[in-house]
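Since chain A is already given, all that's left is putting chain B on it; use the hints.
There are 2 protein chains.
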Amino acid sequence: MNTQSFNPDFSHFTCPAPLRDYPHVILGHGGGGTLSHELIEGIFLPAFSNPLLDRLGDSAVLDVAGELAGGGRLAISTDSYVVRPLFFPGGSIGDLAVNGTVNDLAMSGAKPLCLTAGFIIEEGFPVAELGAVVDAMAKAARVAGVRIVTGDTKVVERGHGDGVYINTAGLGVVPPGVAVGAAPIRAGDVVLLSGMIGDHGMAIMSVREGLAFESRIESDTAPLHGLVAAMLEVCPEIRLLRDPTRGGVATSLNEIAGFAACGIEIDEAAVPVHAQVAGACEILGLDPLLVANEGKLLAIVPAEAAERVLTAMRAHEYGRQAVALGRVVEKHPKLVVMRTAVGGTRVIPMPIGEQLPRIC
Amino acid sequence: MNTQSFNPDFSHFTCPAPLRDYPHVILGHGGGGTLSHELIEGIFLPAFSNPLLDRLGDSAVLDVAGELAGGGRLAISTDSYVVRPLFFPGGSIGDLAVNGTVNDLAMSGAKPLCLTAGFIIEEGFPVAELGAVVDAMAKAARVAGVRIVTGDTKVVERGHGDGVYINTAGLGVVPPGVAVGAAPIRAGDVVLLSGMIGDHGMAIMSVREGLAFESRIESDTAPLHGLVAAMLEVCPEIRLLRDPTRGGVATSLNEIAGFAACGIEIDEAAVPVHAQVAGACEILGLDPLLVANEGKLLAIVPAEAAERVLTAMRAHEYGRQAVALGRVVEKHPKLVVMRTAVGGTRVIPMPIGEQLPRIC
Chain A
1 MNTQSFNPDF SHFTCPAPLR DYPHVILGHG GGGTLSHELI EGIFLPAFSN PLLDRLGDSA
61 VLDVAGELAG GGRLAISTDS YVVRPLFFPG GSIGDLAVNG TVNDLAMSGA KPLCLTAGFI
121 IEEGFPVAEL GAVVDAMAKA ARVAGVRIVT GDTKVVERGH GDGVYINTAG LGVVPPGVAV
181 GAAPIRAGDV VLLSGMIGDH GMAIMSVREG LAFESRIESD TAPLHGLVAA MLEVCPEIRL
241 LRDPTRGGVA TSLNEIAGFA ACGIEIDEAA VPVHAQVAGA CEILGLDPLL VANEGKLLAI
301 VPAEAAERVL TAMRAHEYGR QAVALGRVVE KHPKLVVMRT AVGGTRVIPM PIGEQLPRIC
Chain B
1 MNTQSFNPDF SHFTCPAPLR DYPHVILGHG GGGTLSHELI EGIFLPAFSN PLLDRLGDSA
61 VLDVAGELAG GGRLAISTDS YVVRPLFFPG GSIGDLAVNG TVNDLAMSGA KPLCLTAGFI
121 IEEGFPVAEL GAVVDAMAKA ARVAGVRIVT GDTKVVERGH GDGVYINTAG LGVVPPGVAV
181 GAAPIRAGDV VLLSGMIGDH GMAIMSVREG LAFESRIESD TAPLHGLVAA MLEVCPEIRL
241 LRDPTRGGVA TSLNEIAGFA ACGIEIDEAA VPVHAQVAGA CEILGLDPLL VANEGKLLAI
301 VPAEAAERVL TAMRAHEYGR QAVALGRVVE KHPKLVVMRT AVGGTRVIPM PIGEQLPRIC
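Top to bottom, those sequences are chains A and B.
Heads up: the first sequence begins at 1 in the working numbering, then just goes up one per residue.
Heads up: the second sequence begins at 1 in the working numbering, then just goes up one per residue.
Hints may be right or wrong, so weigh each one.
Identical chains share a label here; the pair holds if one copy fits it or two copies do between them.
[Unchecked claim] Calculated lysine to aspartate or glutamate pairs in the EDC-like style (CA-CA distance at most 20 Å, straight line): (1) 139 / 214; (2) 331 / 255; (3) 331 / 267; (4) 334 / 162; (5) 334 / 265; (6) 334 / 54; (7) 334 / 38; (8) 334 / 41; (9) 139 / 268.
These aren't lab readings, by the way, just hints derived from the structure by calculation.
Isolated chain A, as found in the complex (with noise of 0.2 Å):
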C-alpha cells in the first residue's frame, strides 16, 4: 500500500485580467459595484467566454425555434453543488456542476443546450482557487458541449458558507420522437447499469478519511448525454433512465420501484464495483450500492432490445463496463430485491438519512 498523495497546487493560477491584486474574496466582490465587475471580467468572463454570455445582461436570450422546428420540447434542470473537498482525484466541484446538471438532463433523453452558473462566494476564499474552479468549469462544459449564458455571485461573511457553493441550471432539447419516462415499466424489463459503481463516492471519502490505495480511486464524473444518445439511437422505448448519485444505486432502483409500482431484482454477481472501491466501503461499513456516482447511468429498457442497447453501451467510452443488473418483476411491488451469489435474497432499502454529507 502506498500513501495516496493529493494536494492540488493552484500556484499555476494566473488571473487573466488583474483583481486589483486582491488574493482572497472580499465582501465588496459581492455589492454589485467595480469589485463585482472586476471578478466578473478577471475571472468569469475569461474562462466561459461566448456571445451570450459576454453582453452581461440580466438574462441570456438564446433562439432555439431551429432545434424546435421537429417538435422538440424543452428540458429544464437544476442543482446546487456543495461537495467537500472542492477538488478531489478525477474531478473537482467545477466538473460535479457541470456535468451533473448535464446529466440531469440527459435523462429526459435531452441534448443539453446551456447552463447558467450561480456562485454562493465565503468572504476569505483565495482568488487562485476561484479561478481554478472556474477552469475546471469552463473546461468540462467544452468537454459536454454546452455554453454557460449567465450567471450571477454572491459573497457571504466568513463562517456563514464553505470556500464556494455553485448552482447550475440547465437547458437542453429532446429530439422529436425521443419520449424517455412516457411509457410504463413493465415485469420483464431489464436493469441496466453502464459501469462501475460507488467511484465518486470513495474517491472523496479515502481523500477525507485519509485512506490510501495501491491506486488512487477516481471519480467517475462525466458527461452522459452522449451515451444516452448511443442507446437512444438503437433503442427509441428506453423506459426509463436514471443517474444514481446521492444515495448511489439503491436510493435510484427503490425510487423506480416505488413510482412505478414494480418490483426490482438485481444480481449481486453483477454488480460492477473496482476492488479498491469494495476494499475501501468495507473499511469504511460502506455498501457501493449506496455510495453517489456522478458518471453512471440506471436504464429501464424493453428486454427484447437489451442486448442491443447494452452493446451500443459498450461501444462508447463512458459504458465500456456496461451490464445488466437486474430486470423489473411482478412480486414484491416497490421492493427491491438482489439475489445473492449463494442464491438467497436480501431487500435492498432506501436508505434514511445521509451516508455521506457533502458528496455532490
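The following block gives chain B in isolation, referenced to the frame of chain A:
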C-alpha cells in the same frame, strides 16, 4: 417616532404532511434518501405543486413550441438569494427568489414561463421557518404567474451556511418583435424610472439596525413583467431595461453609460424617494441612489416615445410614481452626472465595493 416592530411569527405553519416530527432540518434531509423525500413531499410539493414538478424527474420537460411558433426566442436567467434577515417588512427571501429572477427575465422583454429552485439549507434550520419561506415563494410565484417546475435540496453542516440560501433560474419567452437591448442608445434618449427608490435596501437596513420611524419602510419587491409588457405595447422600441437592485440606480446607470459609451445626466429634483427612506439614509450615511430596489426598473426610451411610455407606466400598479429621471447626452461619455437642485452638477460614480452586504 414609534418603535418599529417586526417579529415574524411561524407558529401558524403546519407541515402539510408529517415530517417524522423533526422540528429542525438535519443533514439526512440532504442525503437523497427517505428523509429527503419526506422534506420534498412534506414541504416543497404541497406549496409548489404542478404537473411538471409533481413528476419529480431529474429535469422537467416543457412543450414550448406553441409559445415560439411566431418566432419568439427564449430568455434564461439565474440569481442566488442570500438576504439576511430571511423575513423583512414587505417580503422575504422567498419573494425575492421569485420576483428577482422574474424581473431579470422581464428586463429582456420576456414573459416568464417557469422557474427552477435550488435550496442550500443549514443543518438545524427550523422546519417551520423553511415552510414559511417556501409558502412565500409559492405565493409570489402564483402572483407572478410562473410555475416552479424542478428543484434541488442540499443540506450543509451547522456553521457552513446561514439558514437557507435559494437559487432560482428562470426561463421566459421573448415575444416576436421585441428586441430590448438590440438598438443602440442615442443622445437625446430619455431615462425613465418606475417609482420611489431605496425602499428595499432601507427596509432591510432598518430591521438590521433597529431603526424606528413613524411609518414602516417596506420592501418594494414585485414582479415587473406586466409593467414591461404594458410599456412595450406603447413603445416596442424601448432601447434598454434594467432593474436597479444591488448597487442601486447609480450602479445600473453607470453600467449603461459604460457599455453604451454615452453620457447620462439625471436631475436631482426628479429622483423620487420616500421621506422615511431619505431619513433612514441620512441616519446611516447612505446615498439612496446606491440602495437596492427589488420592484423598480430603469428604461431608456426614444425621446418621442417618453411621454407615451410614462403614461402607460403610471397606469400600471407598479409604475404609478414613474418619472422621467434624465437623459442620454453626448458629452462626458461613460459618466453619470447629476444636475443638482441649485444648478450645479456632480458625478455619480460606480460604487467600488459593498455598501449593504446580503441585501438580496
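So which of the earlier hints does this model not fit?
Numbers 1, 4, 9 - these are the hints that the structure violates, sorted from lowest upward.
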